[in-house]
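2 protein chains.
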Amino acid sequence: MPTNQAGHSDFDVELANNKKVVDAMLERLLAEQKQIEPNIMQAMRYTLEGPGKRIRAAMLLWCCRAVSGTINENAKIAAAAVEMVHTYSLIHDDLPAMDNDDMRRGKPTCHKKFDEATAILAGDALLTFAFEVLSERINNPAAAVALIGELAAAAGPAGMIAGQMADLRSQKKKGNRELLEYIHTNKTAKMFHAAAAMGAICGDADRRQYESLGEYGLKIGLCFQITDDILDVCSSSEQLGKTAGKDTKADKVTYPAVIGLEKSREIVRELAQQAIDELQSFGQEAVFLRQLAMELLDRKK
Amino acid sequence: MPTNQAGHSDFDVELANNKKVVDAMLERLLAEQKQIEPNIMQAMRYTLEGPGKRIRAAMLLWCCRAVSGTINENAKIAAAAVEMVHTYSLIHDDLPAMDNDDMRRGKPTCHKKFDEATAILAGDALLTFAFEVLSERINNPAAAVALIGELAAAAGPAGMIAGQMADLRSQKKKGNRELLEYIHTNKTAKMFHAAAAMGAICGDADRRQYESLGEYGLKIGLCFQITDDILDVCSSSEQLGKTAGKDTKADKVTYPAVIGLEKSREIVRELAQQAIDELQSFGQEAVFLRQLAMELLDRKK
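Chains A and B are the protein sequences, given in the same order. Using this note's numbering, the letters of the first sequence correspond one by one to residues 1 to 301. Using this note's numbering, the letters of the second sequence correspond one by one to residues 1 to 301.
Bound conformation, chain A alone (with noise of 0.2 Å):
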């Protein structure tokens, strides 16, 4: 990996480039609804904060500008709808029914910083909100319902919420591969996919960049939580910024349980290289996608 004078690589530096956009996009899209009552501001404020990296952001501009050459304005409001959905999940995922965890991003909960009205309530909101600013500031309404046909779709209860019932649901019994791939591809990968497809969406992509895209995506997605179970085994709290050791307490179907580290090592490496194949009829304008697959071999937190 190349790095600057700074030591920081180029990925990190443009990884860092695009959150600070996001983040001035969410900004931007809160700050001009007037009217969201005060306490659920505070509170989506709160939780969309932080130092989470926005991946799914990153991935959705890189794709608008795999197929464009540039990120547009539509990228950005589309990247901004994705991490609003994506935070959602986590508070509604961290409250004492559900997951009932009380750090997240290195700070505590939604629910444990205010109350858990608030945070389902700020769930809630960020969830609305995300379609709202969709439905309001795409500047093309084939584009702003393609956008949100996506996003709905991976976030519904054929997506994002039938992972989570599947995961809640798992603690109670063995798992085996067919329901880990069940919830890994529902609760996480499905919501890769459609950050990608959203990006090749904004970037108006054909039907073969589009179909690419997503397969990339969707693969990116696995990539990323089996990751994620192998450094809840293996790091510690302070590392993740998150309770660590969770998912092996609570009994939770994850892969290192079901096949073994080592397996899902290999699998892991498999998922990253499938995925750069997926990118190749791109060329230079794809470089950060394929950094972003190698970059997960090495995740740390």
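Each hint should be verified, as a subset may be incorrect.
A pair holds if it fits inside one copy or across any two, identical chains being indistinguishable in the list.
[Said to hold, decoys possible] The calculated SDA-like cross-link candidates involving lysine to any residue, where the alpha carbons are at most 25 Å apart (straight line), are:
1) Lys112 to Asp101
2) Lys20 to Arg105
3) Lys53 to Ile276
4) Lys252 to Gln42
5) Lys19 to Gln42
6) Lys252 to Asn100
7) Lys113 to Pro96
8) Lys34 to Tyr210
9) Lys112 to Asn100
10) Lys53 to Leu279
11) Lys113 to Arg169
12) Lys113 to Met41
13) Lys34 to Leu179
14) Lys34 to Arg177
15) Lys112 to Leu90
16) Lys252 to Asp101
17) Lys34 to Arg137
18) Lys252 to Met41
19) Lys34 to Tyr182
20) Lys112 to Pro96
21) Lys263 to Leu179
22) Lys112 to Met98
Since the hints were made in silico from the structure, they are not lab data.
Let chain A serve as the given structure and place chain B on it in line with the hints.
Just chain B, lined up with the frame of chain A:
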């Protein structure tokens, strides 16, 4: 009110017919999304079914007819989406951390029937699925975007969620009329406004029709919520199908508590008349919209 041979008014028959139309559409939309996780599907169906009158949906269908003379497929889909969002709001509102209610529509609330995690996820699922069906099923992208925008803005942090947050916090302090209007407008009336506006959009309304019907919806929504407050004081749980006297018990800000029962009834009459006045430019095709306003004056549950 004219009654037919079976002793039911034309209005009641029309309302029951519209409920059948919307229930059939809800069932079709759920059945056609084959990938919904089975436990989530069960909770979605459980909460969507029940003796609810589907007032918001009926208003949407009638507004479409007032403008276009007919109830088209887009209006049926939009009406189903509105009922999904309304039902989600009830599920989350009933949660222990929120209003903590055990009965809804005459049966156990979602978290009582299943568990809290399922109720949180089923609510999330209905909210997300509403946007999924609007993005996928409406046959014209500009109309789809407009419908999604209306629904998201009304349900979001500058609408229903703002009202719920203010309502929850109002339990702990003395309310005044300004706060009361803020809560009722945001928590209830904006969704009625959205339903009416969405009906107008489905009927391809001109700007003036769209605005009149939106105002009609807003007035009806306020009228509906104040009668709800009045019924909470004056009816039994059996009549309501939910716990009666709950608002008073929770020391909530309600119209009867803040301005008294008689003055509340007077405001209901004024709002109903104002709603009817908004329909002046419509003829016979708006008959049920006018009757709805009259019915609210005589609401028993």
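Taking the hints in turn, this is what the structure says about them:
In this assembly of identical chains, Lys112 and Asp101 lie within 25 Å of each other by CA distance both inside one copy and across copies; the values are 9 Å within and 23 Å between. Taking CA atoms no more than 25 Å apart as the test, Lys20 paired with Arg105 passes inside one copy only; the shortest distance there is 17 Å, against 47 Å between copies. Only within a single protomer do Lys53 and Ile276 lie at most 25 Å apart by alpha-carbon distance; the minimum there is 21 Å, versus 53 Å between protomers. Taking CA atoms no more than 25 Å apart as the test, Lys252 paired with Gln42 passes between copies only; the shortest distance there is 23 Å, against 33 Å inside one copy.
With identical chains, the CA atoms of Lys19 and Gln42 are at most 25 Å apart within one copy only, with a shortest distance of 20 Å there and 39 Å across copies. In the homo-oligomer, the alpha carbons of Lys252 and Asn100 lie at most 25 Å apart inside one protomer (14 Å), although the nearest pairing across protomers, at 29 Å, exceeds that limit. Within a single copy, Lys113 and Pro96 get their C-alpha atoms as close as 13 Å, and across copies as close as 18 Å, so both meet the 25 Å cut-off. In this assembly of identical chains, the alpha carbons of Lys34 and Tyr210 lie at most 25 Å apart only when taken from different copies (23 Å versus 36 Å within one copy).
For the homomeric pair Lys112 and Asn100, the shortest alpha-carbon distances inside one copy (10 Å) and between copies (19 Å) are both at most 25 Å. Taking CA atoms no more than 25 Å apart as the test, Lys53 paired with Leu279 passes inside one copy only; the shortest distance there is 23 Å, against 52 Å between copies. Within a single copy, Lys113 and Arg169 get their C-alpha atoms only as close as 27 Å, which misses the 25 Å cut-off; across copies the closest is 16 Å, which meets it. Only within a single protomer do Lys113 and Met41 lie at most 25 Å apart by alpha-carbon distance; the minimum there is 14 Å, versus 32 Å between protomers.
Only between protomers do Lys34 and Leu179 lie at most 25 Å apart by alpha-carbon distance; the minimum there is 18 Å, versus 44 Å within a single protomer. For a Cα distance limit of 25 Å, the shortest separation of Lys34 from Arg177 across copies, 22 Å, qualifies, whereas the shortest one inside one copy, 48 Å, does not. When the C-alpha separation of Lys112 and Leu90 is checked against a cutoff of 25 Å, the pair qualifies both within a copy, at 13 Å, and between copies, at 24 Å. In the homo-oligomer, the alpha carbons of Lys252 and Asp101 lie at most 25 Å apart inside one protomer (14 Å), although the nearest pairing across protomers, at 31 Å, exceeds that limit.
Taking the shortest alpha-carbon separations for Lys34 and Arg137, only the intra-copy value of 15 Å comes in at or below 25 Å, while the best inter-copy value is 31 Å. In this homomeric assembly, Lys252 and Met41 come within 25 Å of each other (Cα to Cα) only across copies, at 23 Å, whereas the closest approach inside a single copy is 33 Å. Taking identical chains as interchangeable, the C-alpha atoms of Lys34 and Tyr182 lie at most 25 Å apart only when they sit on different chains, with a minimum of 15 Å there against 40 Å within one chain. Proximity of Lys112 and Pro96 under a CA criterion of 25 Å is satisfied in both settings, with 10 Å inside one chain copy and 16 Å between copies.
In the homo-oligomer, the alpha carbons of Lys263 and Leu179 lie at most 25 Å apart inside one protomer (17 Å), although the nearest pairing across protomers, at 59 Å, exceeds that limit. For the homomeric pair Lys112 and Met98, the shortest alpha-carbon distances inside one copy (14 Å) and between copies (16 Å) are both at most 25 Å.
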